[in-house]
Amino acid sequence: MVTSANYFDQLRKSRVWRSIFRSGTGASTLHRSLVIQQDVFLHLFPTKVRRRMLNIGVTWYLGTLTFGTFMILVSTGILLMLYYHPSVPQAYSDTKDLQFVVTSGLFLRNLHRWSAHAMVFLVFAHMFRVFYRGAYRPPREFNWIIGVILLLITLLLSYTGYLLPWDQLAFWAITVGSNIASAVPLIGNKIHFLLLGGNFVNANALLRFYVLHCMILPLAAMVFIAIHFWRIRKDGGLYSHSSQPPAISDRSAPKEDR
Amino acid sequence: MSDRKDFIAGVDSNAKREPRRVVFVTRRTSAQVRVTDEEVVQTFPEALFRVAIAIEVLAMALVWIALGFNAPLEGLADPSHTPNPAKAPWYFLGLQELLHYFPPTVAGVLAPTLVVIALIVIPYFNINVEAEGVFVKDRPRRLAIFYVVAGALSLFLLLFHVYVALVPTLMIVVPMLAAAYSSAESRSPVRRYLASKPLSFWIMTWFLFELLALTAIGTFFRGPGWSWVWPWRA
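Chains as they are written, first to last, in the working numbering: chain W, 1 to 258; chain C, 1 to 234.
Chain C with its partners taken away, still in its complex shape (with noise of 0.2 Å):
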């Protein structure tokens, strides 16, 4: 490392389209290129093949599904007889759940509603495109309110006895700890690794960590009354 040139010196080996160009630029001046002229196929038929392939063996698989298992049928729709629980689809049991601890006004609606803003104002926020890890700058201050948000969070999940949300919480709490207290020039190659994450990676993490947590919540350990059931003893 330490007899680095300041400079990178190349040619051009393409003579006929460049007519002989000599690099020579300083440190810090240019972009590299890393990658040069890189290898492109034909759509068709390179690539719709590939399509078409994996296209069939998820038919396949799905096929095999359908005859092995069938789709559940129950009794004609009674709207006076309530089955106990009333469970919405797999994909919405996550609200169903939150809607257990909060006013609808709160979880059927401001959640989701704040989920799809959310989830599309990502691209337009130059923090994200650029992507740096979340403490590499500024990180007293950053830090700083990284535990006022975090334990505000907690607090807030704890005074209203959502633990299911409380567990997915501290298991980025933790790793983005570690994070704030390691560096590019950290030992450990995980640590490495977590300090170049950006706030976008942990608040989709998160928000990835809820959605599994509660679904799964809302799909097999909810019972009558949305109890907490066992799935192995129900």
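Chain W on its own, in the form it takes in the complex (with noise of 0.2 Å):
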């Protein structure tokens, strides 16, 4: 009888998967280690962690949740382009559209947005819950700064994309907030401009928001987060009291003693 786990194992024997997944197949601790070592995707991280980082009251996973919001938000901001044009008032028509037509649609624009909402939350409560384990500690202090490039474009992928409903809320959500570009000395005027493409918020400012929301900002997203990913592993992976530079344990050691 062929149960449904050998025919898994049959199939990952076939040439046609090991052409496909360098690793090969095995439960050895080899071919685990190739699993990571061996995968353009996976070899960002170590081969090995330590059991105790694991741990849930480590870390909370709050950077791994932050990723996951992110995957959502993808996959979901991807369907919802196909049925989306970024010109005034189609926009509108579209959001609409997405909310009564499209099957489904009200169910990808809700966990857009809400994914969206979690997203900033998580990034926010994973940069406290990293500062407060002390884990921007030497050797890991360029990639607590990636970490705060991926909060401003976090908050930036979700500013530009508030306004792509083109309704009351995301106008003068846009208008409010590009007014303290403004502010800016000397060449506020000039920022305020570039960015709306005008004078005030109009088909422009739309389209540039548009462009920044799909394609910019996701793309710069996801190299910081392949960088922030890959210093983990480069900086002896995740912060440990133990994993701290011998100098710094000598000196908080006698604090313990009393």
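None of these hints come from the bench; they were simulated from the model. What you are looking at is a predicted structure, and each value in this text was computed from that prediction instead of being measured. Incorrect hints may appear among the rest.
[Unchecked claim] Listed next, the in silico DSS-like pairs over lysine-lysine satisfying Cα-Cα at most 27 Å (straight line): (1) 234(W) with 48(W); (2) 137(C) with 197(C); (3) 87(C) with 96(W); (4) 13(W) with 48(W); (5) 197(C) with 190(W).
[Unchecked claim] Covered by chain C, per the in silico footprint, the following chain W stretches (three or more residues, Cβ under 8 Å): (6) 91-103; (7) 217-230.
The beta-carbon is built from N, C-alpha and C at its ideal position, and this holds for glycine as well.
Starting from the two chains in their separate frames, assemble the complex, guided by the hints.
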């Protein structure tokens, strides 16, 4: 009898499968290491991790969850793009269609919007969690900065997406927000004009925000996320007290003697 | 405690790797090894499966929320009709709340720029890396600086009637005072905890409190003309 498990085994041993997945088959430590090392995406991660760092209490998985919301946002976002024209007033009627005409359109838009809010929240939570664990310490300084950049990209992604439905809420939120740019000394008005493609929120602004939201910012986010993950490996895995450089452990050691 | 030895002796048990080494060190001359041979597991499948489960749970939660609550959609954008109040997205409402008190150059440009710079420089200051209790060393001078800074900040917020930012400030000043008059020898564990906290902890927690307070007030307590409203009466 062919069970599904050994059917899967047969599949994994097939020539086609082995031509795709370079790590080969098997459950040995070597093979499991190769799964990480021989994969263009997974090689960003270390082959082995400290067991202690997998406990929920250490990180609350906040970085993982933030990445999860990002993946949900990319997949729902691509589907939403199929039904959306970034033009005035077509953008609004497309959003209405998503709400009432497109099959599961309402669900898609809901999921995209609530995931976006969740991502902003999770990025902040992740930042505070990393700070309170002291995980910004050397050699992780630069990864902390990458994190700050990702925080800013997340805020910009959410902000540019806010305009796209082209309803009253979107229009006035972006008007209020973009007016802050005008307050920059000397070049404020120029930045404001560059951002909106005009002196007020109009069709040009919608197109600019669309390009930023669907193209430039997601690509930037992906690049920085990749560096962020890769630096975790390069900096010695997730921060734990014993992975501090010895000089610092020395200095803090007498404190615990008291 | 009185009978404490001034050396630590040990024998490495892994004879294959370390051919019988006897450790004999006098106190304060060598780093103590607190964790030896930390247990490691394979990233695949141990870590990656946990990651997958965490993301699946998150996805399920978000799907339930998306099924239960509709994203807001108002009427077509109309530049000639300004809603009152016109609010930015929730994560910018803390900034919008500050804009109510200070000119845009200060609240909209200077404040967020300083926040971003402050975040970036955190890991480059040794004081944050060592993370010693803020009042542990050089206490009289640091206490004097603390009084001046906390007093000046509170007075500044009071003068500009920024009570919404003053309250979180005082919520930090009070435990910091408690920390100043506590030490590692204090009886209460709370005071020992406070005394061990470094400057960066206090500043970051102050920032967190301000962020939460200003965002919540901007979101729930502001109505027409940015006047104060009670959310349950709106």
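Starting from the hint list further up, note which numbers the structure goes against and sort them upward.
5 and 7
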